[in-house]
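Asker: Take a look at the letters that make up each chain.
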Amino acid sequence: MPLVLNEEQNMLKDAAKDFCGKSTPITELRKLRDDKDETGFSRDIWQQMVELGWAGITIPEDFGGLGFGYLGMGVVMEECGRTLTASPLMSTAVLGSSAILSGASDEQKAELLPALAGGELLTALALEETPHHSPYNISTTAEKSGDGYKLNGSKKFVLDGHVADQLVVVARSSGTAGDRDGLSLFLVAADSDGISTTRTIMADSRNAANIELSNVQAPATALLGAEGKGADVLDKVLDVGRIVLSAEMLGGLQEAFERTLEYLKVREQFGVPIGSFQALKHRAAEMFCEIELSKSVVLEALSALDEDSDEVPKLASLAKARLTDTYNLVSSEAIQMHGGIGMTDEHEIGFFMKRARVCEHSFGNAAYHRNRYGELEGY
Amino acid sequence: MAALDDFRKDTRAWLDENCPASMRTPMTEGETVSGGSKHRSPNPDSYVWLDRMAEKGWTVPAWPKEYGGGGLHTDEFVVLLEEMARIQARSPLEGMGVTMIGPTLLEYGSEEQKQRHLTKIVNGEIRWCQGYSEPGAGSDLAGLATKAEDKGDHFLVNGSKIWTSGAQFADWIFCLVRTEPQAPKHEGISFVLFSMDSPGISIKPIKLISGASPFCETFFDDVKAPKEDLVHKVNQGWTVAKRLLQHERSGLRALASAGASRTAATQTTTSLADVAKETIGMVDNHLANPVLRDSIIQYRMNANAFSLTQRRTVEESEAGSTPGAATSIFKFYGADLRKEQLELQLKARGTQSFGWEGDGFTAEELNLTRTWLASRAGSIAGGTNEVQLNILAKRVLGLPD
Amino acid sequence: MATLREFREETQAWLADNCPDSMRGSGTDAEAVAGGTSQTYENPGAKVWLDRMAEKGWTAPMWPSEYGGGGLSRDQFLILQDEMIRINARSPIGGMGFSMIGPTLLDYGTEEQKQRHLPKIVNGEIRWCQGYSEPGAGSDLASLATKAEDMGDHFLVNGQKIWTSGAQNADWIFTLVRTEPQAPKHEGISFVLIDMDQPGVKVNPIKLISGSSPFNETFFDDAIAKKEDLVGQLNRGWTVAKRLLQHERSSISGMSSGGRRGRYDNLRSLSQIARDYIGMDDGKLADLVLRDQIIGNTMTSKAFSLTQRRAAAENASGGTPTFATSMFKYYGSELGKDRLELQLKAMGTQSFGWEGDMFTSEERTLTRTWLRSKGSSIAGGTSEIQLNIIAKRVLGLPD
Ligand SMILES: Cc1cc2nc3c(=O)[nH]c(=O)nc-3n(C[C@H](O)[C@H](O)[C@H](O)COP(=O)(O)OP(=O)(O)OC[C@H]3O[C@@H](n4cnc5c(N)ncnc54)[C@H](O)[C@@H]3O)c2cc1C
Ligand SMILES: Cc1cc2nc3c(=O)[nH]c(=O)nc-3n(C[C@H](O)[C@H](O)[C@H](O)COP(=O)(O)OP(=O)(O)OC[C@H]3O[C@@H](n4cnc5c(N)ncnc54)[C@H](O)[C@@H]3O)c2cc1C
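Protein chains in written order, with our numbering: chain D, 1 to 379; chain F, 1 to 401; chain C, 1 to 399.
Since the hints were made in silico from the structure, they are not lab data.
Among the clues, some could well be false.
Simulated pairs of lysine-lysine, DSBU-like, Cα-Cα distance not exceeding 30 Å [unchecked claim]: (1) D:Lys31 to F:Lys207; (2) F:Lys185 to D:Lys265; (3) D:Lys295 to F:Lys339; (4) C:Lys242 to D:Lys229.
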């Protein structure tokens with residue numbers, strides 16, 4: 001698989017860099033936070049992203065998307081990661097569209113994909129029920145009721161759950177919590193009767209919500225994929241999420257590293273730049289190595305998605321575990337190497353560490369993915 | 001031994017009688033007493049407890065009696081701390097007076113300075129802050145530029161300090177100033193004390209990544225520092241400054257309280273294990289996540305080894321005084337342990353660790369987020385970890401520059 | 001692309017016909033061939049294999065054919081490697097001729113030097129060793145003191161080298177010598193090639209912690225280096241020396257094989273070993289904490305080899321090591337050391353067999369491999385030196 005970007009992807013990346021640099025620098029995130037913005041991202045910026053085609057990067061052209069694939073999505077997310085851009089790209093253009101692409105019927109696709117690509121529809125994946133990623137550990141129930149189903153349960157840490165129009169709800173139609181079999185996915189309108197949403201304000205100033213489902217009525221047509229076989233779709237969606245999130249993390253950690261490197265060159269103590277102290281130099285060089293390895297796994301994992309390779313699950317775990325460790329390392333070191341100023345709210349470097357730790361816990365932390373990788377390798 | 005047993009009996013009885021019930025609960029941030037009148041605990045018991053302890057000199061148990069201290073020997077001090085820990089009594093008084101400037105004045109202050117300043121620290125009347133760091137002088141503290149001109153009976157101070165913790169609540173500041181600009185950088189510094197109410201001082205709070213604003217920029221514009229509050233000799237302030245840093249980095253108090261059988265470190269570790277039991281669950285008497293369990297146990301063992309080392313150090317230092325360069329071990333290792341402890345809490349609590357405000361999180365969870373962020377300062381404030389390692393390499397291991 | 005496919009088919013067929021059975025499957029270190037007059041072949045297949053490969057130039061597949069090399073493009077080279085790995089073919093020959101002095105001569109040698117030295121490397125006639133380190137010049141290599149006086153048509157060399165790997169079996173030594181003692185230390189060094197078969201060169205073995213004696217002290221006492229064997233210009237040897245170090249580092253890290261072959265590929269995988277020694281429980285290695293570490297190392301190795309591939313892909317011109325070689329040298333040797341430490345943890349006390357029947361030969365090999373692995377972050381420039389280079393050359397941090 002190619003481990004270098006082609007010209008088209010490079011152009012997309014440059015365009016994304018330009019856009020994020022101009023329209024969504026970190027000052028924007030700070031403003032959303034300080035203004036206690038209700039939406040948590042700018043609808044206006046989102047509209048501009050839609051116009052650039054980003055909402056439909058992974059959606060085939062037939063359905064109104066760009067058909068640029070996951071490498072395309074990855075380079076855009078990487079740039080968004082650099083500027084810590086808050087937007088519904090992950091919840092909608094990544095998780096939502098992959099759920100529909102891999103689980104929906106043809107009619108559903110024809111109806112939903114163009115709306116997603118056109119930015120008319122925001123989605124959210126209502127999965128987690130505990131503070132730890134555990135995708136089969138689902139107690140939310142889907143009982144047959146009339147022609148459809150009745151959903152009951154409570155969901156945590158639903159990305160963009162507070163603004164979504166449609167929720168992809170992971171529920172159990174049979175079996176018990178922990179079973180892979182018996183999960184079903186439902187696409188339900190967020191304003192359905194029985195849904196109540198509480199926005200959670202998080203340290204990284206990004207957006208999530210807790211969602212209660214109480215006797216929510218979902219018609220049979222709301223089912224994504226086959227009843228009881230939801231995990232087949234879910235596993236795919238999660239791997240897409242893990243890999244694209246890793247791309248975002250790659251952007252964030254490179255930005256934090258470059259800013260730190262710059263600081264090491266300009267900050268002087270003892271009459272010399274602090275970057276001349278070997279205690280810092282060696283750590284910077286070690287981080288450089290970890291970052292280079294991180295770039296490779298993200299590229300390989302994104303291309304594997306585009307080629308629909310069997311290696312996707314392993315590479316998703318490889319990417320998510322490695323990027324988690326590296327982002328944590330780099331963002332913590334960034335503060336330490338900035339000294340006192342790194343601890344201040346006014347300086348932007350601290351934002352990266354907050355984001356890194358929330359990313360760590362999204363879609364499985366490093367230990368989760370090492371375990372999964374081992375299982376996939378059969379030991 | 002018999003005398004010590006008596007002391008323990010008496011102390012236990014006294015504490016039982018005198019420590020108010022609300023002072024036997026875990027400290028909350030707002031109720032910490034650091035002295036002075038600008039920031040008061042909302043709990044009146046805080047002051048009942050302070051006054052009673054101060055009267056016995058037990059806010060600073062090891063200081064000499066003539067300056068209001070408790071005059072205790074190290075082993076008595078440890079007994080007192082053990083007995084306090086037994087009933088989970090709070091520390092009656094914190095702050096830089098007790099931990100930094102007090103011990104430094106005991107060593108370097110004139111008799112008159114001790115008389116004038118120490119008793120007001122003991123009884124919590126005056127709160128102090130530390131004017132060391134400047135924008136251009138952090139790790140390289142001796143590169144400081146705030147200047148003080150000799151005006152006969154006083155110095156005229158001009159310049160600015162940064163990261164001054166608690167400046168907004170302090171009554172007095174101990175401050176490093178440059179009195180001889182021509183001299184080599186370590187030889188032109190003096191150590192002075194002056195009132196924060198002096199004309200010409202202004203402060204500007206700085207907000208931290210945790211959202212709190214515990215520290216300030218402090219500006220001096222023609223501030224008068226009276227000569228009687230020059231500590232030690234003019235241009236020899238660096239010696240005093242370094243000694244104060246050693247008190248800051250280890251604080252005999254911190255060491256001794258860690259030396260007491262129930263230490264702060266093991267208390268928090270217990271709670272880490274408890275947190276994990278609750279959030280991760282147990283299988284067969286083991287935490288359900290074997291990898292996290294291993295990390296938590298590893299942490300706990302290190303924390304135990306650390307507090308044993310603190311205790312060993314207290315027992316080795318006969319005079320009950322702060323050790324020298326080796327304090328850097330405690331500063332360095334302690335900061336890392338604390339950061340590790342909080343990182344493990346995050347791992348145990350998962351996404352519930354990142355609440356910032358509002359619904360969906362308990363007060364404890366919201367508090368944890370901020371505490372975690374604040375813990376990152378441990379390896380920066382009071383001399384960064386890198387600086388501690390440099391000191392250890394040079395002063396303890398004798399490695400060349 | 002069609003030609004590449006053809007190349008693959010032809011290569012496959014040729015290898016099937018020509019690679020002796022005894023040369024398939026991993027061999028022990030002792031069986032590795034390095035060529036030269038001291039080389040013996042206990043296994044006759046090894047000699048057959050070497051000669052056949054050398055004839056096609058495939059002992060040095062990417063060197064130009066005029067010097068006996070295979071003249072392959074990078075893509076063809078990678079195919080050859082893939083196909084060899086597929087049938088588990090051993091490398092026919094290795095050594096410093098291939099990984100260090102050969103590529104350096106290609107960059108800096110005169111036409112005459114290339115003609116004279118390269119073909120003898122390709123066919124395994126001459127074995128080389130490296131005369132760089134001295135007792136007083138290790139990490140600070142440029143402070144070397146071995147001196148060479150200009151005697152008209154030759155230099156007279158006097159001094160001592162140390163840690164000279166394989167000197168006891170080598171025919172020639174590439175050596176750094178000081179030709180201008182007055183000049184600043186980097187500007188008085190020359191790079192010369194010395195025939196070791198002369199009275200002025202003496203070799204004295206040093207025993208390692210692993211029990212073997214792969215390296216030596218090398219003494220020069222009025223040894224002769226011919227002027228025609230001065231590589232690069234007089235007093236400009238440092239430039240040549242640094243280049244050679246890049247080749248050395250990329251070979252130590254496995255970079256030169258495009259990430260396809262790691263240093264420890266002849267060992268069984270960590271997870272296989274752990275299965276044997278720790279056992280499985282419910283489909284997982286029974287020690288869950290060690291399992292986490294083993295998986296971590298396996299994943300990092302995967303990320304590392306992807307990075308080697310990425311570097312090769314970015315560097316489509318092929319084969320030219322850059323400053324990033326320091327990264328591969330550093331990371332590769334540390335990763336390898338970690339891997340062996342984990343192997344010890346997995347095998348427990350069976351890891352420490354030194355000799356005798358109580359240990360399998362795999363176990364005894366492991367003991368030695370583990371000990372020797374400690375040298376990988378020292379030889380060819382220590383890990384600390386690699387980090388210094390990355391900080392300075394890649395990250396642009398000030399001195
Ligand atoms: C929460 C908090 C409270 C504080 N309270 C006070 C206070 O009350 N009063 C006060 O005076 N100050 C206070 N400080 C300031 C603190 O002492 C300084 O931040 C600290 O000394 C570091 O200085 P700096 O911030 O300028 O960082 P710098 O010195 O610029 O350091 C930046 C980085 O370079 C590294 N570095 C610098 N020199 C070397 C070297 N020689 N070798 C290796 N690495 C090196 C540092 O370790 C750090 O990683 C506080 C700081 C914090 C974070
Ligand atoms: C298995 C093996 C095979 C070898 N084969 C050969 C060979 O064939 N030919 C040959 O010429 N040499 C060979 N060497 C020698 C090797 O190149 C040297 O050992 C190496 O360059 C280190 O030099 P030194 O041993 O003198 O250690 P020193 O340079 O004395 O280093 C001691 C320690 O100090 C550290 N250090 C030194 N300078 C710095 C710095 N600036 N910053 C931070 N840390 C520093 C080092 O990293 C190391 O940890 C071999 C070595 C080994 C182990």
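Asker: Checking each numbered hint in turn, tell me which of them this model violates, lowest number first.
Answerer: Failing hint: just 4.
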